[in-house]
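Turn these sequences into a full structure, and let the hints guide you.
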Amino acid sequence: MKKLINEVEKVVEESLQGLAKAHPDLVKLHPSVRAVLRVDSPKEKVAVISGGGSGHEPMHTGFVGFGMLDAACPGEIFTSPTPDQMYEAAKAVNGGKGVLYIVKNYSGDIMNFQMAADMLAGEGIPVEQVIINDDVAVEDSLYTAGRRGVGGTVLAEKIVGAKAEEGASLEEVKKLCERVNANVRSMGMALTSCTVPAAGKPTFELGPDEMEIGIGIHGEPGRQRMKVKTAREIVEMLATTVVEDLPFKAGDEVLAFVNGMGGTPLSELYIVYNDLSDFLEKKGIKIVRNLVGNYITSLEMQGCSITLLRLDEEMKRLWDAPVCTPGLRWGM
Amino acid sequence: MKKLINEVEKVVEESLQGLAKAHPDLVKLHPSVRAVLRVDSPKEKVAVISGGGSGHEPMHTGFVGFGMLDAACPGEIFTSPTPDQMYEAAKAVNGGKGVLYIVKNYSGDIMNFQMAADMLAGEGIPVEQVIINDDVAVEDSLYTAGRRGVGGTVLAEKIVGAKAEEGASLEEVKKLCERVNANVRSMGMALTSCTVPAAGKPTFELGPDEMEIGIGIHGEPGRQRMKVKTAREIVEMLATTVVEDLPFKAGDEVLAFVNGMGGTPLSELYIVYNDLSDFLEKKGIKIVRNLVGNYITSLEMQGCSITLLRLDEEMKRLWDAPVCTPGLRWGM
Amino acid sequence: MDNGKLDVTKAIETVKRIKDIVDVNKEYLTELDSAIGDADHGINMSRGFAKALEKVKSNEYNDIGSVFKDVAMTLMSTVGGAAGPLYGTFFMKASMKLAGQKEADLPLLAQAFREGLQGVVSLGKAQLADKTMVDALTPAVEALESAAKDGLSLKQGLEKALAMAEKGMKDTIPMVARKGRASYLGERSAGHQDPGATSSYLILKAFCDALED
Amino acid sequence: MDNGKLDVTKAIETVKRIKDIVDVNKEYLTELDSAIGDADHGINMSRGFAKALEKVKSNEYNDIGSVFKDVAMTLMSTVGGAAGPLYGTFFMKASMKLAGQKEADLPLLAQAFREGLQGVVSLGKAQLADKTMVDALTPAVEALESAAKDGLSLKQGLEKALAMAEKGMKDTIPMVARKGRASYLGERSAGHQDPGATSSYLILKAFCDALED
Ligand SMILES: Nc1ncnc2c1ncn2[C@@H]1O[C@H](COP(=O)(O)OP(=O)(O)O)[C@@H](O)[C@H]1O
Ligand SMILES: Nc1ncnc2c1ncn2[C@@H]1O[C@H](COP(=O)(O)OP(=O)(O)O)[C@@H](O)[C@H]1O
Ligand SMILES: [Mg+2]
Ligand SMILES: [Mg+2]
Ligand SMILES: [Mg+2]
Ligand SMILES: [Mg+2]
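Protein chains in written order, with the UniProt record's numbering: chain A, 1 to 332; chain B, 1 to 332; chain C, 1 to 213; chain D, 1 to 213.
By construction, these hints were calculated from the structure, which means they are not laboratory data. Hints are not guaranteed to be accurate.
Below, simulated DMTMM-like cross-link-like pairs (lysine to aspartate or glutamate); rule was C-alpha separation at most 25 Å, straight line [claimed, not checked]:
id, chain 1, residue 1, chain 2, residue 2
1, D, Lys57, D, Glu212
2, A, Lys10, B, Glu253
3, D, Lys51, B, Glu7
4, A, Lys229, B, Glu9
5, B, Lys2, A, Asp278
6, D, Lys160, D, Asp171
7, B, Lys21, A, Glu205
8, A, Lys10, C, Asp23
9, C, Lys125, A, Glu205
10, A, Lys229, D, Glu27
11, A, Lys201, C, Glu27
12, D, Lys167, D, Asp150
13, D, Lys26, A, Asp209
14, C, Lys55, A, Glu13
15, D, Lys97, B, Asp118
16, B, Lys10, A, Asp278
17, A, Lys21, B, Glu281
18, D, Lys51, B, Glu13
19, A, Lys21, B, Glu236
20, A, Lys282, B, Glu7
21, B, Lys229, D, Glu187
22, A, Lys229, A, Glu210
23, C, Lys51, A, Glu9
24, A, Lys21, B, Glu313
25, C, Lys26, A, Glu9
26, B, Lys2, D, Glu27
27, A, Lys28, B, Glu253
28, B, Lys2, A, Glu233
29, B, Lys2, A, Glu205
30, A, Lys316, B, Glu313
Source: prediction; values computed, not measured.
The structure is reproduced here in structure tokens:
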């Protein structure tokens, strides 16, 4: 294992310190628990909080700031954070209008956030949770853990963050977050595995001519392993599943998000976007917004995911609204 | 070789198409030669143009837009572009106030840009060139090709682009670019090699416990191979060489730029920034601006580079000025 | 004085043994989690029990309930993932049954473990054969209960429970996961032993080892 | 009618042979460039001469100067890197000497190559022993010139030049590079053959092969 780190035990801590030092105008660290807080703690808004295992940077810690998250709670690499983190973070940033937890659908995240929410509710602090579960690679069922939360989370955090910034109520913010989740679908793939620092070796092995389709963001194996294909064929596979699931229809206006898993060059992501754009054009689905880059990653994994979000006018307006975070910035 | 591509011959072309489709509000492709042009072609400013081999994205194509480049000319992967590209790009974006070529110091880039400049000069178009050569890994000498242009290029393009946007003259813009180059130093390292698509295998091989110090951005071998060390030790090695070269002194105000080579997770770059920040603090050198992320890359190479720029008041103001490009954006 | 029951000293000894056995099996647990999860179970458990041991060693206790309550709180705030809240709840619910008790015999421990297991099930919603820790814990608790009914000693009961936990753990191998991260793999999760069921087995082993015959 | 001189047909045949030999050695050149450069020399040369051949095949020519001028222009706008302008200049300067000529004998070709080499040197500023193509081209041009003085045939002259180019190419192995990308390696560039010197040798080989005895 070769990484730019000092000690495996300190990867998350030192990385957070670096983030805070690089962006003192945007974020600060919580004094006692592991949480990244917005530096200006605005009072007159719902506090939007997310969190999850580390290793997906810039998500979530890089999305703390104006117009997005008020706090992010990072766990160890690929490990859900603990309830005290979400509880303390909420106490620190709640301005009185209540707290929305944006939670990715993993058993661990659900349970840990739930415990924090219970603790807050016990103190009379208004708290709501929305579970993001946009990964079509996983079959949905009442009897299983259901679908994972992946790329859709980034879009939800941006759009919902903008709504909260406008001063919307907790109920409104929550409703919007549910609407985003209801209209977003994703699927990912990997060309290589990734190595959890503390584990010291790749989570899975892929042959020199193999890829893994339906990969999650925790370096967990996907649904299917096959010979590598061209970008165009990969886009076809991922996008077909994504489009048919919602389903997205001709005439739909969408935000197309091509996300890198961390180790794939940006130039390749643009090739994927080029193919995705052709694919959707043929189906009559209109890309009216897009995002291309490494936003929800799996350490140094090579690969990509495709996320489509069906937009309405409010979502468009909120997507375009100013945002100023270490990882996403425009309009200011 | 596993990459998200279709054909090795079309990597650059399809990636540029994707870029143009993703950012039609910012950039467009030149109709006949391979060049990315700013979409709004402002007339009353010096046209700032750069270019070089592809494979370093977002540099340079991702830096075309308001407040940075007017055009970028990408060659094949790791191969300097040809004179017709720089010539036609200049003709397309020159508004009458002349053209500045920002050229990285490589024999190929120098010769190809020089030929384009000769062609322009022959037509009476005012053209100047500044050669960026900030890589302290390479010994400087009159008898060799001298130092490579690396991370300093990104900073020069931002600062000089802002100056041009203000309406400065060609002479002023050129002088500023030279001043940036005179005050910037960089050094890089790699944990892994990278694979030129058309070559199909890694440019060099590194053992599972080896790293390469003093790497360039073309995947060319560095100056020294050694056992991997901690982030802190690596920062110490790179930053010591960088600091002693200019030299940077106690009290200097600097922009600290931690750049990823493309395959290293952002979280590790923040660890590097954390260590760099400690290192400079001990020396009394003050970081007053910073940039952390993948900006001048070598395909999927894992590793990083450290760039320090000694800032004066004008450079600070121009760094903070609004910029709106696919790869760098703030203030608008 | 050793009467074969679980007193404060042995409760602390148990925590130490769990820490040790989890440490020894850290890579093994992580490897199991690599195959059908995200390669962190051993790391998480080892971090959690190291902290838990630190905690109980630095405190004075008058009852065994407080020992396990501190374990529960520490796991909750240091393990994370799915295992953190689940084992946290297990020990929390168990500790409530043991609150104020200087020692536990087999019937009491069986009751405490039953409470713990119920906590895990009501939090995680896993049923038998969903390929989780529940598949190891359930037969173990049942074995404790029937051993208690048969009037066996604590050590004997734990030995029977351990055997059943081991069987439950191995039974997870052919199962297709329906809960936790392994469920994302669908059919591909079959053929691998569940990491959480394995750590449950190891925890029972530590209880067993901490008690003299 | 074959008089052993380089006429338009043979000039085009030469371009074809360069294309072929560069293609065959594409990986080899790239591998040499991997060791001390950036792994693109074979790819660049192969792209350039494929385009050059396309170009000269699609045109009618009355003089050999025009053939090599088209080669020069094509290399200039398709090769890129260091080799593009250098070989572009080589063929451009040579073509100026051959402008209007229906054919070239040894003395004329020697002059043309001398002009080409001077173009390379004045553009790239490389001296002998800087570990570049100049180390192969210089002895080759000198051999052409002395063969011309000795009144040898074109083929004989090219054969001598080829032998010298090969020697010059091999002589680059121990050199420490002072120009081009290899110079960044400093001492570590020693022990590797220069890719540009190698492609220069291959180009001379193609000239040689294109001419009958
Ligand atoms: N809903 C659940 N109910 C019971 N046990 C579960 C549940 N979800 C996961 N587990 C257990 O947790 C184990 C994984 O723990 P761990 O790797 O620490 O967490 P994560 O899956 O979040 O990385 C699984 O092997 C399984 O035994
Ligand atoms: N200044 C120079 N003068 C002469 N030849 C040079 C010079 N710089 C580089 N070369 C030649 O060019 C070759 C490399 O060509 P190529 O790999 O195509 O370009 P690049 O180095 O830009 O990738 C070197 O092997 C060397 O022979
Ligand atoms: Mg986990
Ligand atoms: Mg090159
Ligand atoms: Mg796990
Ligand atoms: Mg080269």
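We went through each hint and held it up to the structure:
Between Lys57/D and Glu212/D, the direct Cα distance comes to roughly 21 Å. Compliance with the 25 Å bound is thereby established for this hinted pair. Pair hint Lys10/A plus Glu253/B does not hold up; C-alpha atoms about 29 Å apart against a cutoff of 25 Å. Among the hinted pairs, Lys51/D with Glu7/B is consistent with the structure: their alpha-carbon atoms are about 18 Å apart, no more than 25 Å. For the hint pairing Lys229/A with Glu9/B, the CA-to-CA distance comes to about 16 Å; that is within 25 Å, so the pair holds.
Our distance criterion of 25 Å between C-alpha atoms is met by Lys2/B and Asp278/A, whose separation comes to about 22 Å. For the hint linking Lys160/D to Asp171/D, the alpha-carbon distance of about 16 Å falls within 25 Å, and the restraint holds. For a cut-off of 25 Å, the pair hint linking Lys21/B to Glu205/A is broken: about 35 Å separates their Cα positions. The straight-line distance between the Cα atoms of Lys10/A and Asp23/C is roughly 19 Å, inside the 25 Å bound, and the hint therefore holds.
Pair hint Lys125/C plus Glu205/A does not hold up; C-alpha atoms about 32 Å apart against a cutoff of 25 Å. This hinted pair checks out: Lys229/A and Glu27/D have alpha carbons roughly 24 Å apart, not beyond 25 Å. With a CA separation close to 11 Å, the supplied pair Lys201/A and Glu27/C stays within the 25 Å bound. Proximity of Lys167/D to Asp150/D is assessed by CA-CA distance (about 21 Å); at most 25 Å being required, the pair is judged to hold.
Taking the CA atoms of Lys26/D and Asp209/A, the gap is about 24 Å. The hint holds against a cut of 25 Å. Distance hint between Lys55/C and Glu13/A is fulfilled; the C-alpha atoms sit about 22 Å from each other, no more than 25 Å. Between the alpha carbons of Lys97/D and Asp118/B the distance comes to roughly 22 Å, so the proposed pair stays at or under 25 Å and holds. The straight-line distance between the Cα atoms of Lys10/B and Asp278/A is roughly 16 Å, inside the 25 Å bound, and the hint therefore holds.
In summary, the hint linking Lys21/A to Glu281/B is supported, as the alpha carbons are separated by about 12 Å, within the 25 Å threshold. Pair hint Lys51/D plus Glu13/B holds up; C-alpha atoms about 17 Å apart against a cutoff of 25 Å. The straight-line distance between the Cα atoms of Lys21/A and Glu236/B is roughly 18 Å, inside the 25 Å bound, and the hint therefore holds. Note on Lys282/A and Glu7/B: the hinted pairing holds, with a Cα-Cα distance of about 21 Å set against a maximum of 25 Å.
Restraint check for Lys229/B and Glu187/D: satisfied, since their Cα atoms lie roughly 24 Å apart, inside the 25 Å limit. The straight-line distance between the Cα atoms of Lys229/A and Glu210/A is roughly 9 Å, inside the 25 Å bound, and the hint therefore holds. Our distance criterion of 25 Å between C-alpha atoms is met by Lys51/C and Glu9/A, whose separation comes to about 14 Å. Between Lys21/A and Glu313/B, the direct Cα distance comes to roughly 22 Å. Compliance with the 25 Å bound is thereby established for this hinted pair.
For the hint linking Lys26/C to Glu9/A, the alpha-carbon distance of about 15 Å falls within 25 Å, and the restraint holds. The straight-line distance between the Cα atoms of Lys2/B and Glu27/D is roughly 19 Å, inside the 25 Å bound, and the hint therefore holds. Our distance criterion of 25 Å between C-alpha atoms is met by Lys28/A and Glu253/B, whose separation comes to about 23 Å. For the given pair, Lys2/B sits about 14 Å from Glu233/A by alpha-carbon distance, which is consistent with the 25 Å threshold.
At roughly 14 Å between alpha-carbon atoms, Lys2/B and Glu205/A fall within 25 Å of each other, so this suggested pair holds. For the proposed pair Lys316/A and Glu313/B, the alpha carbon gap of about 39 Å is over 25 Å, so the pair is violated.
Consistency with the previously given hints fails for numbers 2, 7, 9, 30, ordered from lowest to highest.
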